[in-house]
Amino acid sequence: MVVPVFRGAVKFAYRFLVNNLVTLFLATAMTAIAWTLHRLGQDNIVDYSWWLLQQKPVESLGVAFFVALVATVYFMSRPRPVYLVDYACFKPPAPCRVPFATFIEHTKLINKDEKSVQFQTRILERSGLGEETCLPPANHFIPPNATMEASRAEAQLVIFSAIDDLMKKTGLKHKDIDILVVNCSLFSPTPSLSAMIINKYKLRSNIRSFNLSGMGCSAGLISIDLARDLLQVHPRANALVVSAEIITPNFYNGNQRSMLLPNCLFRMGAAAILLSNRRREARRAKYRLTHVVRTHKGADDRAYRCVYEEEDGEGHSGISLSKDLMTIAVEALKSNITTLGPLVLPMSEQLLFVLALAGRKLVNPKWKSYLPDFKQAFEHFCIHAGGRAVIDELQKNLSLTAEHVEASRMTLHRFGNTSSSSLWYELNYIESKGRMRRGDRVWQIGFGSGFKCNSAVWKCLRTIKPTVDGPWADCIDRYPVQIPEVVRL
Amino acid sequence: MVPSLSDEAMGVELEKSAVYGHKFSTVVPAEATGDAVTRELTNMDLIMKLHYLRAVYYFKQSEVVDGLAITDLKEPMFPWLNVYYPVTGRIRTEAGSRPLIKCNDCGLRIIEAKCSRTLEEWLSVEDSSRWRPLVPEKVLGPELHFSPLVYIQFTRFKCGGMAIGYSWAHLLGDAVSATNCINLWGKFLKGNPSLETLRLSNHQKKAESPAKHVKAPQKPVPVKQVKLAGECWQAPDTCKMATCSFKIAETDLKKMQGEKQNHVPPFAMISALIWKCLAKNGNDRESKSATICRNSTSLKSSDMLTNNLKASTITLDSSAANIDLLELATLILKHELDELESIDELIDRNSGKPDFVLYGANLTFIDMEGIDLYGLELKGQTPVQVDYNIDGIGDEGAVLVLQGRGRTDLTGSIQERTVMVTLPEDQINQLRGVLSSEFGIA
Numbered sequence: 001m002v003v004p005v006f007r008g009a010v011k012f013a014y015r016f017l018v019n020n021l022v023t024l025f026l027a028t029a030m031t032a033i034a035w036t037l038h039r040l041g042q043d044n045i046v047d048y049s050w051w052l053l054q055q056k057p058v059e060s061l062g063v064a065f066f067v068a069l070v071a072t073v074y075f076m077s078r079p080r081p082v083y084l085v086d087y088a089c090f091k092p093p094a095p096c097r098v099p100f101a102t103f104i105e106h107t108k109l110i111n112k113d114e115k116s117v118q119f120q121t122r123i124l125e126r127s128g129l130g131e132e133t134c135l136p137p138a139n140h141f142i143p144p145n146a147t148m149e150a151s152r153a154e155a156q157l158v159i160f161s162a163i164d165d166l167m168k169k170t171g172l173k174h175k176d177i178d179i180l181v182v183n184c185s186l187f188s189p190t191p192s193l194s195a196m197i198i199n200k201y202k203l204r205s206n207i208r209s210f211n212l213s214g215m216g217c218s219a220g221l222i223s224i225d226l227a228r229d230l231l232q233v234h235p236r237a238n239a240l241v242v243s244a245e246i247i248t249p250n251f252y253n254g255n256q257r258s259m260l261l262p263n264c265l266f267r268m269g270a271a272a273i274l275l276s277n278r279r280r281e282a283r284r285a286k287y288r289l290t291h292v293v294r295t296h297k298g299a300d301d302r303a304y305r306c307v308y309e310e311e312d313g314e315g316h317s318g319i320s321l322s323k324d325l326m327t328i329a330v331e332a333l334k335s336n337i338t339t340l341g342p343l344v345l346p347m348s349e350q351l352l353f354v355l356a357l358a359g360r361k362l363v364n365p366k367w368k369s370y371l372p373d374f375k376q377a378f379e380h381f382c383i384h385a386g387g388r389a390v391i392d393e394l395q396k397n398l399s400l401t402a403e404h405v406e407a408s409r410m411t412l413h414r415f416g417n418t419s420s421s422s423l424w425y426e427l428n429y430i431e432s433k434g435r436m437r438r439g440d441r442v443w444q445i446g447f448g449s450g451f452k453c454n455s456a457v458w459k460c461l462r463t464i465k466p467t468v469d470g471p472w473a474d475c476i477d478r479y480p481v482q483i484p485e486v487v488r489l
Numbered sequence: 001m002v003p004s005l006s007d008e009a010m011g012v013e014l015e016k017s018a019v020y021g022h023k024f025s026t027v028v029p030a031e032a033t034g035d036a037v038t039r040e041l042t043n044m045d046l047i048m049k050l051h052y053l054r055a056v057y058y059f060k061q062s063e064v065v066d067g068l069a070i071t072d073l074k075e076p077m078f079p080w081l082n083v084y085y086p087v088t089g090r091i092r093t094e095a096g097s098r099p100l101i102k103c104n105d106c107g108l109r110i111i112e113a114k115c116s117r118t119l120e121e122w123l124s125v126e127d128s129s130r131w132r133p134l135v136p137e138k139v140l141g142p143e144l145h146f147s148p149l150v151y152i153q154f155t156r157f158k159c160g161g162m163a164i165g166y167s168w169a170h171l172l173g174d175a176v177s178a179t180n181c182i183n184l185w186g187k188f189l190k191g192n193p194s195l196e197t198l199r200l201s202n203h204q205k206k207a208e209s210p211a212k213h214v215k216a217p218q219k220p221v222p223v224k225q226v227k228l229a230g231e232c233w234q235a236p237d238t239c240k241m242a243t244c245s246f247k248i249a250e251t252d253l254k255k256m257q258g259e260k261q262n263h264v265p266p267f268a269m270i271s272a273l274i275w276k277c278l279a280k281n282g283n284d285r286e287s288k289s290a291t292i293c294r295n296s297t298s299l300k301s302s303d304m305l306t307n308n309l310k311a312s313t314i315t316l317d318s319s320a321a322n323i324d325l326l327e328l329a330t331l332i333l334k335h336e337l338d339e340l341e342s343i344d345e346l347i348d349r350n351s352g353k354p355d356f357v358l359y360g361a362n363l364t365f366i367d368m369e370g371i372d373l374y375g376l377e378l379k380g381q382t383p384v385q386v387d388y389n390i391d392g393i394g395d396e397g398a399v400l401v402l403q404g405r406g407r408t409d410l411t412g413s414i415q416e417r418t419v420m421v422t423l424p425e426d427q428i429n430q431l432r433g434v435l436s437s438e439f440g441i442a
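Taken in order, these protein sequences are the chains called A and B. Residues in the first sequence are numbered from 1 upward in steps of one, following UniProt numbering. Residues in the second sequence are numbered from 1 upward in steps of one, following UniProt numbering.
Be a bit skeptical, because a hint or two may be false.
With a cut-off of at most 30 Å between alpha-carbon atoms, the simulated DSSO-like pairs for lysine-lysine come out as follows [unchecked claim]:
id, chain 1, residue 1, chain 2, residue 2
1, B, 158, A, 108
2, A, 396, A, 459
3, A, 168, A, 91
4, A, 108, B, 23
Covered, in the sense of this in silico footprint (three residues per stretch, anywhere, with C-beta under 8 Å from a C-beta of chain B), are these stretches of chain A [what the hints assert, rightly or not]:
id, region
5, 318 to 331
6, 402 to 410
Bear in mind the hints are in silico, worked out from the structure with no lab data behind them. Every residue gets a Cβ at the ideal spot worked out from N, C-alpha and C, and that includes glycine.
Construct the complete structure from the given sequences, taking the supplied hints into account.
Below, the structure written as structure tokens:
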């Protein structure tokens, strides 16, 4: 009883001292200076200053100029703050709902191979998805009606709903959008989806628009990164970022097991986010973007091929997931953390990490490497809801509690894997539960083909009240739910 | 059930190819029903499991019908199925155990099709099998776990008219339940109906009550045991059945009765009429006994899905051909129908076996009076015609007496009855002959 309490006290004292080292040092220094000045006496200080100015004008002015120069350079070179004013997620309508039984029955009717059907049934039973996930209207047909027109219809449905919601929430006017970034990996028509948005909302002719395709499930954070860079260059600008994945054209018709997973897990979803660098938005913005760290493991062949679109032996095209996927994901995460850690971790954790590293290198290679405790750096975690395995693996690797990964698990259950927009559904879950307080830090982690691991860190600017609208509004009270290991179908 | 190759049937084969462009999809309840919700099948449900109700509702071209795209037709189905969620379930039969419905929201099958004829051309064919291409002929099985219980087919005619085909597995409920179910969809199509009067009872497994054995001798239940050929829940075809239909106006029935004060109701008259005609053809058993079947349309049982049928057999002393028409009709009218309590003794509690047919075990006359067939509305528009039939009828055949739409003529309003007759092929032709020669009914 005494030892854990003692250990806890030591831990706390250590963290307090190291994390606030600079503050403590400055506080001590300022106290010393103030004391010295006090000892000198007020009149003496004034006389001394006056004498200095008269006797050594050049040096005085030089020092003053130097200080002013340093201050100016510092303030000018600080990056423009990027505010997340608000965001909106697409809520799939009831007619798009696909219960497990319907999915299996359709699979049986479309795919005559019994083994494939059984395989997909087993996947679905263990997937962590719920009975309310949604597929686009084209996928409710036997066989799916995957025409170009149907794909465009889905894109319009999900994207325009999200943007309409966002405009209503923020009062954003079409003429106020300066930058538009759209990411959708698997559907890239001509004209692009960004052109489709510009057409629908009559955006300005001098808009800076970008359409990112083929960049996988982590493309949402790539779009945020791009928007942030653009907001550094363009002053007083609003950026609309749209993350979506269009399911209609991507149904896999074959029997290759490695390619059947996307059919089982991918579902409809989209999110629209409003970023701004305008000062006045700081008052009502929800978050400020503090860091974006992108890690690309594509140089490694294994990582490059682990999520690969190709045709199977019968000519059906689909996305093949390799068995190494989890290993590669963890490696990519570790890489990402190596860069992110120093930016976000408190000094106490970084010191321990460095000491452990030094110890391993210099003293004894058998010392265990210290895994920094990211729970010290963040209050909330949004892990891409790519599948149950991803969330389990990350929970284990980052030593997270069930509550930390609750947003991810519940998003997977209610909405399925909505690809790049899943991070926004997760964030919305945390807000809907009333857990987002001012000052909280959020870590969004996205994984995607390439293989990429991208992180974004946000700081909450104001305590957010749970809203009456949004995708979770009608079901948040039912959550969290207990998700069984295997659902019996 | 397979149409024979008579002249009319040849026409139907041609008509089959007139319906093309089939597209299949599924609709499910808007909200998740929940885990492990099941619906027990009562003994009555299991007796009816080999029968299927097939209805086709014909709607004329109009602005309303033109304005209803498939998405407009499907959208109200989602809240509708929240109410009727068991119809979206699937049969579960574990080896040797009693079948039940797993309410897993699997859904109804929706079929869209086009027809190269106009609605008028189609309805001008008075052939009784004209409805076949417009409603799926599906049965439950061979994979029971994946067989939808209800199908709905939307067929657009060349002129813009529409036919709604509705296939309903009888084990879910009787014709009253089926009709009320689809009529509620029509109400959802119009707006949001009030649902206070609707109730879905949770069928509980009936406990075995030994006291029943002590009761007064029960009347035999008018069912026949059959052996299924294969995995499908389909009555075995021992002889080729055919259907024919004709209309009889109420006034014609009244004429047959002469100048009496209290006229016998149409159902009894028609049943007696057909029985006599069939008896003339010489089948001994048929001429002496027949089953009368009636649905309960009373609101006493407000359970939405129930097989609430009354049926029993009339056995005559001599052939029906020898009995006067009016006398026979009065016999039928006065005959008491049973609640079919004794079926509990027939079905094994644990396995749900053996398999039975009710319709067609004997020559069966089914009274469809009082069923709101024309109550299905598409935003206020009612059907111009409703074709109705039952599949899975046993060898002795069955006669359905349906209420007609009622139309106004120069002489005033005409109420008529549509009679659908399913019999072995050879008997159909003979029946037709007798009806037209002796009673002047085409």
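Hint check:
no.	hint	result
1	B/158 x A/108	violated (34 Å)
2	A/396 x A/459	holds (25 Å)
3	A/168 x A/91	holds (15 Å)
4	A/108 x B/23	holds (17 Å)
5	318 to 331	violated (count 0)
6	402 to 410	violated (count 0)
Comparing the model with each numbered hint stated earlier shows that hints 1, 5, 6 do not hold.
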